[in-house]
Amino acid sequence: MAQEVQSRPPEEVLIPAGLKGLRLLLWRIRRSEELRWVRVALLRLLFGVVMVAAWEGVSGRLIDQKIISSPGALLEAFIDLAGPENPDGTLWTHFAYTMENTFWGYLAGALLGILFGFMLAEAEVIAQVIEPFIMAFNGVPRIAYAPLFISWFGIERQPKIILVLTIVFFLCFVSTFSGIRSVPQELVNVARILGGRKVDILRKVVLPAASPWIFNGLKISIPFGMVGAIVGEYIIADRGLGYLLQRYNNEYFTTGIILVIFILMLFVVAVNQALNWAEGRMLRWRPTGQTGQEAATPN
Amino acid sequence: MSALLSIRGLGKRFLSRGTIVRAMENVSLDVQEGEFVTIVGPSGCGKSTLLNILVGLYPPSGGEIRFEGKPIRGLNPEIGYVTQQDNLLPWRTLRKNVLLPIEFRGGDGGGAEERVRALIRKVGLAGFDNHYPHELSGGMRQRANIIRTLAYNPRVILMDEPFGPLDAQTRLTLQNQLLDLWSEERKTIIFITHDLTEAITLADRVVVMTGRPGTIKSVTPIAIPRPRDVYHIHHSEAYREVYDKLWEELRAEVARIM
Ligand SMILES: Nc1ncnc2c1ncn2[C@@H]1O[C@H](COP(=O)(O)OP(=O)(O)O)[C@@H](O)[C@H]1O
Ligand SMILES: [Mg+2]
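Heads up: the sequence lines are chains A and B, in that order.
Residues 5 to 303 (my numbering) make up the first sequence, in order.
Residues 12 to 269 (my numbering) make up the second sequence, in order.
If you are wondering where the hints come from, they were derived from the structure by calculation, not from laboratory data.
Do not take every clue at face value.
Cross-link-like lysine to any residue pairs, in silico, SDA-like; alpha carbons within 20 Å at most [what the hints assert, rightly or not]: (1) A/K24 with B/Y163; (2) A/K208 with B/Y143; (3) B/K107 with A/I205; (4) B/K81 with A/K208; (5) A/K208 with B/H142; (6) A/K202 with B/E114; (7) B/K256 with A/L206; (8) A/K202 with B/H142; (9) B/K107 with A/F122; (10) A/K208 with B/R84; (11) A/K202 with B/L110; (12) B/K107 with A/L206; (13) B/K107 with A/M286; (14) A/K208 with B/Y163; (15) A/K208 with A/I267; (16) B/K107 with A/P212; (17) B/K107 with A/P291; (18) A/K208 with B/N141; (19) A/K70 with B/N141; (20) A/K202 with B/Y143; (21) A/K208 with B/G118; (22) A/K202 with B/N141; (23) A/K202 with B/G117; (24) A/K208 with B/K107; (25) B/K81 with A/P291.
Derived CB-CB ranges, DEER-like [to be verified]: (26) A/N142 with B/R33: 21 to 29 Å; (27) A/F137 with B/P82: 44 to 52 Å; (28) B/I31 with A/Q277: 51 to 59 Å; (29) B/V32 with A/F157: 55 to 63 Å; (30) A/G284 with B/S148: 19 to 27 Å; (31) A/R40 with B/D240: 51 to 59 Å; (32) A/N280 with B/I83: 35 to 43 Å; (33) A/L111 with B/E89: 56 to 64 Å; (34) B/S148 with A/L111: 57 to 65 Å; (35) B/R262 with A/Q189: 30 to 38 Å.
Reference excerpt, derived from the structure (chain B facing chain A, CB under 7 Å, subset only) [as the list claims (entries may be wrong)]: (36) V66; (37) L68; (38) P88; (39) N98; (40) P101.
Idealized CB from N, CA, C, for every residue including glycine.
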């Protein structure tokens, strides 16, 4: 039997060492559908490196370093500020302060929001009565309430936590409420006919059906909740990332501002990744191609 | 012998956009235990409304229903309902969906699990126990829907065009399986369909309803002997005779509302 001409390397061939092997590997990454993620990851890395290099190149030459800082300066500032012998606390103490406030406000806001969402979704008349009041309160940008919270709750943690709480509460409340309202009546009817009592139906039908919406509310609450904590610190505080932003701003310390922004970015990206993963596991029953994000958008 | 299910003078009016819609009027029917009754009629004549009232989703505007001679109001645990949409819970696997009514009833340990497994096998779904509804075909989902109701053993099962959205081939298979299940389990079934052949194939009696407001036009016993062959029943002389008679009645009603 004649040897078939190989127009492309067979998949099972091991990659030889040396330059030839490297070329073969690159060739495969460019073509193979399975290695698509490697391609994307490499291109992403390349994109990031090019951006950083361009930034470094432009800074101090085309644009004043005081305005746009530079990756090198950023790294230096990071090593300095993250270091232990910083007079008013290291970056980490500020980071921890902001995150703690965010965490407590988020926890309380999410629990209350989901609870109220459930209760009001079941109480038709009350929901109709208080809806305009809720919408009015929620319609005002939360920063407008900040001075009020400060005069009520002081300048320590409490007003920051409460600012986070009010933001997270409404996001979770609205998504839970509309999630429960969107549960198909036919599913509830079928469950009743199959012998479900009210609690059973709530647990086994309503809650799972509304869970993508609730999850979505929990997800979007994270960055918005952080905004609350930071805005609160920005107005008055002696600690926290918001305080740092405000201080660096007064000192025209651009590098410091950008450093804080980067820390926030990294944190939000990491939390989002974790949540997407958790959501993917919890909502495994959804048809593929329907990610939580798209499917869960309440409106 | 008194009927298992006795329907007397049942009627339903809906208030829709300020006008009163008379969906169904003066429907009376006795259904015996173990009987298979099918209902055909022009669309919008209140067939689904009738089943919704029988199962107790909402009350009639007039008339009454008796189960074993006692008037019933509201949901009756002895009456199961297979809807046209399969209404499986998308976050539960096939097996967990079928187990749902058993969980609702507090379960009964191993017996129910075994029964569910047997039902899944009987309708050819073995091996798909752990699939989610979106991973199943329409025919498989509808089979799951049916055995979910069989799982908790209600004495009466109402079915609203359960094979409506399926292709012709799948329909015949499911009709065949339904007849098998019915002859084994001896349920009382009230089955709505828009397919006259299906109505005749399955039924002890075929009920023809008039156009809206729907009322009963005729009740025809089907004398074709059982077990019936769903694939070849249309060859038989008895089938053709009754088909022609029922089709004349139905056509008059469809023509009247067009
Ligand atoms: N909940 C409802 N509100 C108002 N009108 C309804 C309602 N349910 C059914 N109807 C009306 O009652 C009539 C009978 O409906 P239905 O029982 O679904 O008919 P069929 O199942 O025979 O096609 C239709 O005209 C329909 O529009
Ligand atoms: Mg109908």
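Now for the hints, and whether the structure bears them out:
1. A/K24 with B/Y163: This hinted pair is violated, its Cα atoms lying about 67 Å apart.
2. A/K208 with B/Y143: It holds: about 16 Å lies between the C-alpha atoms, which stays within 20 Å.
3. B/K107 with A/I205: Distance ~15 Å between B/K107 and A/I205 Cα, so the pair holds.
4. B/K81 with A/K208: Given pair B/K81, A/K208 is violated - Cα atoms ~32 Å apart, limit 20 Å.
5. A/K208 with B/H142: 18 Å, holds
6. A/K202 with B/E114: Holds, because 14 Å separates the two Cα atoms, which is no more than 20 Å.
7. B/K256 with A/L206: 49 Å, violated
8. A/K202 with B/H142: Measuring from Cα to Cα gives roughly 27 Å; hence the hint is violated.
9. B/K107 with A/F122: 25 Å, violated
10. A/K208 with B/R84: 26 Å, violated
11. A/K202 with B/L110: 18 Å, holds
12. B/K107 with A/L206: 17 Å, holds
13. B/K107 with A/M286: Between B/K107 and A/M286 the Cα gap is close to 16 Å, so the pair holds against 20 Å.
14. A/K208 with B/Y163: Roughly 17 Å between the alpha carbons, so the hint for A/K208 and B/Y163 holds.
15. A/K208 with A/I267: 40 Å, violated
16. B/K107 with A/P212: Between B/K107 and A/P212 the Cα gap is close to 14 Å, so the pair holds against 20 Å.
17. B/K107 with A/P291: Measuring from Cα to Cα gives roughly 18 Å; hence the hint holds.
18. A/K208 with B/N141: Holds, because 18 Å separates the two Cα atoms, which is no more than 20 Å.
19. A/K70 with B/N141: Status violated; Cα separation ~61 Å.
20. A/K202 with B/Y143: 25 Å, violated
21. A/K208 with B/G118: Holds, because 15 Å separates the two Cα atoms, which is no more than 20 Å.
22. A/K202 with B/N141: 27 Å, violated
23. A/K202 with B/G117: 14 Å, holds
24. A/K208 with B/K107: Holds: A/K208 and B/K107 sit about 11 Å apart, inside 20 Å.
25. B/K81 with A/P291: Between B/K81 and A/P291 the Cα gap is close to 46 Å, so the pair fails against 20 Å, i.e. violated.
26. A/N142 with B/R33: 21 to 29 Å: 45 Å, violated
27. A/F137 with B/P82: 44 to 52 Å: 46 Å, holds
28. B/I31 with A/Q277: 51 to 59 Å: 57 Å, holds
29. B/V32 with A/F157: 55 to 63 Å: 58 Å, holds
30. A/G284 with B/S148: 19 to 27 Å: With Cβ atoms ~25 Å apart, the hint holds.
31. A/R40 with B/D240: 51 to 59 Å: 53 Å, holds
32. A/N280 with B/I83: 35 to 43 Å: Violated, at about 50 Å.
33. A/L111 with B/E89: 56 to 64 Å: 47 Å, violated
34. B/S148 with A/L111: 57 to 65 Å: 44 Å, violated
35. B/R262 with A/Q189: 30 to 38 Å: For B/R262 and A/Q189 the Cβ distance comes to about 35 Å; the hint holds.
36. V66: 6 Å, holds
37. L68: Holds: closest Cβ of chain A sits about 6 Å from B/L68, inside 7 Å.
38. P88: Since chain A brings a Cβ to about 6 Å from B/P88, closer than 7 Å, the hint holds.
39. N98: Status holds, d = 4 Å.
40. P101: 6 Å, holds
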